[in-house]
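Colleague: With the hints as extra help, turn the sequences into a complete structure.
Protein chains in written order, with the numbering used here: chain D, 1 to 880; chain C, 1 to 101.
Check the hints yourself; a few may be wrong.
[Unchecked claim] Per label pair, the in silico range of CB-to-CB distance:
(1) D/G43 - C/R72: 36 to 42 Å
(2) D/W402 - C/A87: 39 to 45 Å
(3) D/G43 - C/E78: 35 to 41 Å
(4) D/N85 - C/R72: 43 to 49 Å
Since the hints were derived computationally from the structure, they do not count as laboratory data.
Idealized CB from N, CA, C, for every residue including glycine.
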Amino acid sequence: MRALRRFLNRVINLARRREQDERLREEIEEHIALQATENLRTGLSPVEARRQAMLKFGGVEAMKQDYRAERGLLFIENLLGDLRNAGRTIRRMPGLAAVIIVSLAIGIGVNTTIFSWIQMILFQPLPGVSGASNFLLVEPRTETGGYPGASWLEYRALRTQVPALRDIVAFQVVPFNVGETGQTERTFGQLVSGNYFSALGLKPAIGRFIRPEEAERPGTEPVIVISYDFWQTRFGGAPGVVGQKLRVNERDLIVIGVAPREFQGTMLPLKFELWAPATLAPALLGGTRDLEDRSIRAFSLIGMLRAGATREEAQAELSTAMAQLARDYPEASAGIGGEILPFWSAPRGPQRMLISGLAILQGVMLLLLLAVCGNTANLMLARGSTRQREMAVRVALGAGRWRIVSLVLSENMLLALLGTSLGAAIAVWGTMALRVAPMIGAFPIRFQTRVDELTLSLAILLGAACGLIFSAAPAVHLARLDPQDGLRSSSNTPPRSRARKVLMGVEVGLAMVVLIAAALFLQSFRSARQTDPRFRPEGVLLAAYDLSGRNPDEASEREFAARLLERLRSLPDVEAAAIATNVPLDLHGIPARSFTVQGRVRTEAGQDITISNTVTPGYFKVMAIPLLEGNDFAEMGDRAAPAQAIVNEEFVRLYLNGADAIGRRLQTSEGSFAIIGVARNAVYNAFGEPAQPAVYFSYRDLPAIQGEIHLRTRGGNETALTSEARAVLRDLDPMLPLYDVRTFSQHIERNLYLRRIPARMFVVLGPLLLGLAAIGIYAVVSYAVARRTREIGVRLAFGATSGRVVLQIIRENLGAITWGTAIGWALALVISVRAITKGVINLPVFIGVPAILLGVATLACWIPARRASRIDPMAALRHE
Amino acid sequence: MVLKTLDVLGPLHGYGIARRIEQISGDLLAVNQGTLYPVLLKLEQEGAIASEWGASENNRRARFYRLTREGRKQLQVETQDWEQTAAIIARFFEVKTEDLP
Numbered sequence: 001m002r003a004l005r006r007f008l009n010r011v012i013n014l015a016r017r018r019e020q021d022e023r024l025r026e027e028i029e030e031h032i033a034l035q036a037t038e039n040l041r042t043g044l045s046p047v048e049a050r051r052q053a054m055l056k057f058g059g060v061e062a063m064k065q066d067y068r069a070e071r072g073l074l075f076i077e078n079l080l081g082d083l084r085n086a087g088r089t090i091r092r093m094p095g096l097a098a099v100i101i102v103s104l105a106i107g108i109g110v111n112t113t114i115f116s117w118i119q120m121i122l123f124q125p126l127p128g129v130s131g132a133s134n135f136l137l138v139e140p141r142t143e144t145g146g147y148p149g150a151s152w153l154e155y156r157a158l159r160t161q162v163p164a165l166r167d168i169v170a171f172q173v174v175p176f177n178v179g180e181t182g183q184t185e186r187t188f189g190q191l192v193s194g195n196y197f198s199a200l201g202l203k204p205a206i207g208r209f210i211r212p213e214e215a216e217r218p219g220t221e222p223v224i225v226i227s228y229d230f231w232q233t234r235f236g237g238a239p240g241v242v243g244q245k246l247r248v249n250e251r252d253l254i255v256i257g258v259a260p261r262e263f264q265g266t267m268l269p270l271k272f273e274l275w276a277p278a279t280l281a282p283a284l285l286g287g288t289r290d291l292e293d294r295s296i297r298a299f300s301l302i303g304m305l306r307a308g309a310t311r312e313e314a315q316a317e318l319s320t321a322m323a324q325l326a327r328d329y330p331e332a333s334a335g336i337g338g339e340i341l342p343f344w345s346a347p348r349g350p351q352r353m354l355i356s357g358l359a360i361l362q363g364v365m366l367l368l369l370l371a372v373c374g375n376t377a378n379l380m381l382a383r384g385s386t387r388q389r390e391m392a393v394r395v396a397l398g399a400g401r402w403r404i405v406s407l408v409l410s411e412n413m414l415l416a417l418l419g420t421s422l423g424a425a426i427a428v429w430g431t432m433a434l435r436v437a438p439m440i441g442a443f444p445i446r447f448q449t450r451v452d453e454l455t456l457s458l459a460i461l462l463g464a465a466c467g468l469i470f471s472a473a474p475a476v477h478l479a480r481l482d483p484q485d486g487l488r489s490s491s492n493t494p495p496r497s498r499a500r501k502v503l504m505g506v507e508v509g510l511a512m513v514v515l516i517a518a519a520l521f522l523q524s525f526r527s528a529r530q531t532d533p534r535f536r537p538e539g540v541l542l543a544a545y546d547l548s549g550r551n552p553d554e555a556s557e558r559e560f561a562a563r564l565l566e567r568l569r570s571l572p573d574v575e576a577a578a579i580a581t582n583v584p585l586d587l588h589g590i591p592a593r594s595f596t597v598q599g600r601v602r603t604e605a606g607q608d609i610t611i612s613n614t615v616t617p618g619y620f621k622v623m624a625i626p627l628l629e630g631n632d633f634a635e636m637g638d639r640a641a642p643a644q645a646i647v648n649e650e651f652v653r654l655y656l657n658g659a660d661a662i663g664r665r666l667q668t669s670e671g672s673f674a675i676i677g678v679a680r681n682a683v684y685n686a687f688g689e690p691a692q693p694a695v696y697f698s699y700r701d702l703p704a705i706q707g708e709i710h711l712r713t714r715g716g717n718e719t720a721l722t723s724e725a726r727a728v729l730r731d732l733d734p735m736l737p738l739y740d741v742r743t744f745s746q747h748i749e750r751n752l753y754l755r756r757i758p759a760r761m762f763v764v765l766g767p768l769l770l771g772l773a774a775i776g777i778y779a780v781v782s783y784a785v786a787r788r789t790r791e792i793g794v795r796l797a798f799g800a801t802s803g804r805v806v807l808q809i810i811r812e813n814l815g816a817i818t819w820g821t822a823i824g825w826a827l828a829l830v831i832s833v834r835a836i837t838k839g840v841i842n843l844p845v846f847i848g849v850p851a852i853l854l855g856v857a858t859l860a861c862w863i864p865a866r867r868a869s870r871i872d873p874m875a876a877l878r879h880e
Numbered sequence: 001m002v003l004k005t006l007d008v009l010g011p012l013h014g015y016g017i018a019r020r021i022e023q024i025s026g027d028l029l030a031v032n033q034g035t036l037y038p039v040l041l042k043l044e045q046e047g048a049i050a051s052e053w054g055a056s057e058n059n060r061r062a063r064f065y066r067l068t069r070e071g072r073k074q075l076q077v078e079t080q081d082w083e084q085t086a087a088i089i090a091r092f093f094e095v096k097t098e099d100l101p
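Modeller: Next comes the structure, spelled out in structure tokens:
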């Protein structure tokens, strides 16, 4: 109790320091005056009386110190004092402080930015939806590990059969042509189940959302929900938008509401503009059988766990439900199980690709931050050794070890604090920069990253950790200082620089690891681009058309494609032309379908699945994919030939054991096809993928409502074909837009977009790291050299050439650097061999990076060494 | 000692306390008078004494310390403690070898 009261009083006194000092001064004054009066009475002279009084009182300063210790919290007072002192010290070394603060800020800023990104994907995968990280994906899964998506009827069944999930939601990504015929604009939207908005817990900005009964039966009310941005840009944010008509895919839909501003759909980071009930699919997508055909797996499902339910329960229920479906509908569901996945690992959409790239990036950046810490520790240590004297004086005057440590600590913590603040500012800027919406292909994307409490606490944590790390070495070093030594030795004795050399080695080693990682990453990125896609993208122009809304039948679709091709082929600059339903290396991948093939008997239950693309004759010529056996498809106008298919090599190897494929029959849900040719394997979904089985069908047999036009130019620039292609299409149908026109190379670039972001960061940060390492080495060597001015002077005076001096200094420092490099190199090698390239060593990287690093290190040693060797021996000896 | 002094003499300033301790101890405890002040502060922060400004003998501002209720209680406790301790030690001195059984 008494101790508590004493403590509280001390806290209060902290604020009243000055007042209290004044009180003590007065009391002492009075005390001495009284004593002096008393002494006067005993007959002493006034001067002597006062002197005796003061003697009797004793040491005023020592007593004041005790008094202060008793009065307040010495610890905090000291801390405040230290901080003031630290501020002064930092102001006295602006250059050094700037280097430290800026490098720290960059390290912390970059880490925080990346973290904000990761945490967005992990914890905020659905912008605008609270508790979004609780949503789980419900994914049907084939035996081969593919995730084909769910059919609408499957969704209806699963909705009631997985009670562990509260409300399963279904959605499908669809392109929409918005606007009057002839002036349509292409946007992307989602066809959603009736509970979509309610299950996500969203409130409309205005109007209302889709009601459950509006997505119950096909042919219900034609309603649509628009995004906030769409409302702002298309309708100027007018509140009267509700009830207005919007023409979508040649249908009039009634706008019933506007989604909240943040909401951008349920496939991060894609940004959707429109949401229509899934039951409108046949009306909007030209009579698609999505709603009744169990083999059309177009939907993605997500759901939130019911309170108290576990993921395991949900998984068990899903497995049971899927097994039941497989029994009831073997032709569509045999061999298809189900899996509950966290949202970030979505098999479709870019999340997974993003997160793995970001995780690597974060790891590397943390290493970078560690290197920054090493660098700073080194600089502080170097500076600390020039302050030995100051510290020795402090110790001699009675400062305890802890006072010295806390002095150093507070200086460094202040630096760390400044660096963290600047780093947080960089992070805020960085996350803002990420929000600028780029496009992936025709897809608008949006990252709604932001710096929130979590990311900020990470920044602060990193800052504090850095501060502690780089204070440790100088603090220990200075606290161990013997005051006698410190005072006696003038600055010309060689400093004990082992700690600094070790640190320098560690830093260089870290830089080595990070640089090699960066180089490997870049290399893999570049080699991915240089991998032969096994078709020839150069000189090919892509463009898409869409007959949705014309409600064409198969015959008119076929006829349109045939006429279009005929006209395109007649253009003088076109070497070959073709139409296909899918383009390889698209972000959303090429769909797969199940089939049976003559001559193959499956031993176990389930279905064979292959990638499939529907193409016109001439496709293989445009793509430069050679046909190894057989012939191209029959001409579009040919009515006599039976339905045809062309398979690829991998298909033959995997499903026919390499036997002759030509003439065999292939059966799918759409009919029976005769295999007429074998094409060479190509890349379909990603560079570096293993060989995939693929089947090509003919546009003649399976005409489609939309098509991707492929044009190979006859030498010259493929973009020059754009206007000609437009003219051709306008001639055929003046109202039909040609959209998503791009060269094949651009198409591939877009595919690589998400991988390019981390690659670019490496390009910027690699040199930065190299620069940091160089600054670190430079600082250490130049401090060391400065302190040895006298020794160098003596050497020079005795006839050493400046070249010898330079060499010696470089040799001394390069030792530690070489050790660091070697260890870092070995570490990187082990990591790379075991984890990344799996046994393959990338020689150019493993030789080039150390060469560059050692080169830079030598340069950083050479500059200060050369400066030292140029000094005038006389001046050096007179130094001090 | 400070508490006892204040108990006996009532409110007193720092110099007075110092003088009193000197007088009572017969100048045997002539330590630096300055060391008194940290002690006074400690007691005040613990709540055993309170202080306020007042006028000293030669009419200047001086800080007068007085015993609080709590201080009085503390004095009692400490007096008891001390008497007990002193009694025990006194007994040790009284006992002679031949007294032991």
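Colleague: Against each hint, give a clear statement of whether it holds in the structure.
Modeller: Checked hints:
Between D/G43 and C/R72, the C-beta spacing of about 40 Å keeps the proposed range 36 to 42 Å intact. Look at D/W402 against C/A87: about 43 Å separates their beta carbons, and that is inside 39 to 45 Å. Taking the beta carbon of each, D/G43 and C/E78 are about 40 Å apart, inside 35 to 41 Å as hinted. A hinted range of 43 to 49 Å holds for the C-beta pair D/N85 and C/R72, which are about 45 Å apart.
Hint violations for this structure: none, all hints satisfied.
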